[in-house]
Amino acid sequence: MAIIVIVFLGYNFFIYTQKPPIEVQKMSEIAIRGEKIYQDNNCTACHQFYGLGGYLGPDLTNVISEEGKGAMYVKAFLNSGIKSMPQFNFSEEEKEALVAFLEAVDETGHYPIYEATHNYGWVSIKYKK
Amino acid sequence: MNQKIPFLFLLLGLSALHLGAFFGILITLQYIYPEFLKEALAFNRLREFHVSTLIGWLILTATGGIYYYISKVLNVPLYSKKIMSIQFSILLVCSFAIYYSFLVGKMGGREYLTYHPIISLPILIAWILFAINYFKTLVGKIQNWPVYLWMWGTGIVFMIYHFSESHLWLIPSIRENFIRDITVQWKSYGSFVGSWNMLIYGTAIFLMSKIKNENTVGRGKVAFFFYFLGLSNLMFGWAHHTYFIPTQPWIRIVAYAMSMSEWIIFLSIIISWKKSLNKEAKIKGNFAYKFLLATDFWVFVNLFIALLISIPYINLFTHGTHITVAHSMGTTIGINTTILLASAMFIAYKENAGIIEANTKIIKLGYWLFNGALAGFLTMLMLGGVARSKWTFLSDKTTSFGEMQSSIQPLIVAFLFFGVVLFIGLLFVAIPLIKVYFNKLKK
Chain A
1 MAIIVIVFLG
11 YNFFIYTQKP
21 PIEVQKMSEI
31 AIRGEKIYQD
41 NNCTACHQFY
51 GLGGYLGPDL
61 TNVISEEGKG
71 AMYVKAFLNS
81 GIKSMPQFNF
91 SEEEKEALVA
101 FLEAVDETGH
111 YPIYEATHNY
121 GWVSIKYKK
Chain B
1001 MNQKIPFLFL
1011 LLGLSALHLG
1021 AFFGILITLQ
1031 YIYPEFLKEA
1041 LAFNRLREFH
1051 VSTLIGWLIL
1061 TATGGIYYYI
1071 SKVLNVPLYS
1081 KKIMSIQFSI
1091 LLVCSFAIYY
1101 SFLVGKMGGR
1111 EYLTYHPIIS
1121 LPILIAWILF
1131 AINYFKTLVG
1141 KIQNWPVYLW
1151 MWGTGIVFMI
1161 YHFSESHLWL
1171 IPSIRENFIR
1181 DITVQWKSYG
1191 SFVGSWNMLI
1201 YGTAIFLMSK
1211 IKNENTVGRG
1221 KVAFFFYFLG
1231 LSNLMFGWAH
1241 HTYFIPTQPW
1251 IRIVAYAMSM
1261 SEWIIFLSII
1271 ISWKKSLNKE
1281 AKIKGNFAYK
1291 FLLATDFWVF
1301 VNLFIALLIS
1311 IPYINLFTHG
1321 THITVAHSMG
1331 TTIGINTTIL
1341 LASAMFIAYK
1351 ENAGIIEANT
1361 KIIKLGYWLF
1371 NGALAGFLTM
1381 LMLGGVARSK
1391 WTFLSDKTTS
1401 FGEMQSSIQP
1411 LIVAFLFFGV
1421 VLFIGLLFVA
1431 IPLIKVYFNK
1441 LKK
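Respectively, the protein sequence lines represent chains A and B.
Last residue of the first sequence? That's 129 in our numbering, and every number before it is there in order.
Last residue of the second sequence? That's 1443 in our numbering, and every number before it is there in order.
By construction, these hints were calculated from the structure, which means they are not laboratory data.
Treat the hints loosely; a few may be bogus.
Here are the in silico distance ranges between beta carbons for each label pair [what the hints assert, rightly or not]: (1) S1164(B) <-> A76(A): 35 to 43 Å; (2) Q87(A) <-> W1368(B): 24 to 32 Å; (3) S1406(B) <-> Y120(A): 17 to 25 Å; (4) I1314(B) <-> F14(A): 47 to 55 Å; (5) S1164(B) <-> G10(A): 12 to 20 Å.
Every residue, glycine too, gets a C-beta built ideally from N, C-alpha and C.
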């Protein structure tokens, strides 16, 4: 029992301090403000990052870098009240912050994973450079 | 009054079950009619009524059961009835606070913990009180703890830990790094679900030992082997939720290895089934036992699904689709809910067998409606997941998300139908239970 607890503690320490295998910038202040807006409005009820979140809307991990999408595209959606998406009334500043947050997320990786190699059920994923 | 607290936990839990299922019906309606309640309570708030209320069902009912079993079945006097009452009162007030936070839209915006984070503080205090009461009551009072006492204790301690862990995002060094943040977030969720599973599976083993009247159940090397296997999965198995987040590969490899160890559990179920088949006839007609048989079946189905989707190459296609929902609904409804209903039945039968016996027919009907509807319900989710995965990986980029969503509408309508039947089935089962508990409160 003691052994398993010690292993657990060490393991937790690594997780809490792990550096992702890619260099990403710390989230900027404005991106963090964007994340707060994302949370305050519980966008996660419908949207996902890395496939984690709700199912009513599309995954947003790469909505900034995806072909044909991007900052303008995102802004157009925010106050649109399209389909089941609530009619938000974000100010220009709030929209900027949300975009900054989505940009920061986009930099961290790819999702869905279209390019992956696999063997024995294991999948190696492609990291962003 | 203090004698009645376990029944209050159970009643509040059962109410949460029905209310939560009802919210589930409402949010499914929002899937079908995007305008439904959109002005008053859009999906981003209504969904959380559903999620939080049903987590309430699991936790309140498990807690009420544990208090009841300790004091009324194991006959160990509680360290403090007052602590139990305070714990109940805190959770009751928090339930209202959580609803209030959704109503006014003060959201926390994290999966599961979507209410305003400040409410987490009293909830944490309630868990710490539970821990104090539990260990002060039992340590030294019972020799050689059977495995279910270990499981309950472990569940409480780890709940406190992982519940706190899920708030680490409030610390800047975690929050500034998105990958670290999302990893810690889903680590904590995987593990606090594992913690409530400890409470609930412990209850299942407890019930088995009492129904079969065999004290050997829950003792011995094998029982403890599975306890440790479950514990290590609780600690390290969470990362199959995060295979595709660009974390360090070793984290994901550990998770893969850990998840696969559960095949041992899977095989052991098949073996023990074969052994127990001939014994069953004796216990016929006992509803608590009947629900545990349903549990057995759903464990088998869900574990099989879980094991498959824990293989990264399969997870690649199922992650983020409704197949994940099928997994979480399958386990919370098929496994957790059947165990807790067994527990609620066991207690009701012990308190007032007359009412349960007088309602045999309706409970039986409810039982079959519940299980039958659940099968349909999960099938629709699996099919929906396949459709979404096909859209992600096989479609050319011309089909929009909205078109894909419309194409699975018929599945969602069928899903709603099964959901409504499930709700009715639950009502049939619960009405006699509620009668018994209310009688206890009046006295």
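Cross-check of the supplied hints:
Checked against the given bound of 35 to 43 Å, the beta carbons of S1164(B) and A76(A), roughly 40 Å apart, stay inside it. For Q87(A) and W1368(B), the Cβ-Cβ distance of about 44 Å falls outside the hinted range of 24 to 32 Å, so the restraint is violated. About 38 Å separates the C-beta atoms of S1406(B) and Y120(A), a value inconsistent with the hinted range of 17 to 25 Å. The beta-carbon spacing between I1314(B) and F14(A), approximately 27 Å, falls outside the hinted interval of 47 to 55 Å.
About 18 Å separates the C-beta atoms of S1164(B) and G10(A), a value consistent with the hinted range of 12 to 20 Å.
When the structure is compared with the earlier hints, violations turn up for hints 2, 3, 4 and for no others.
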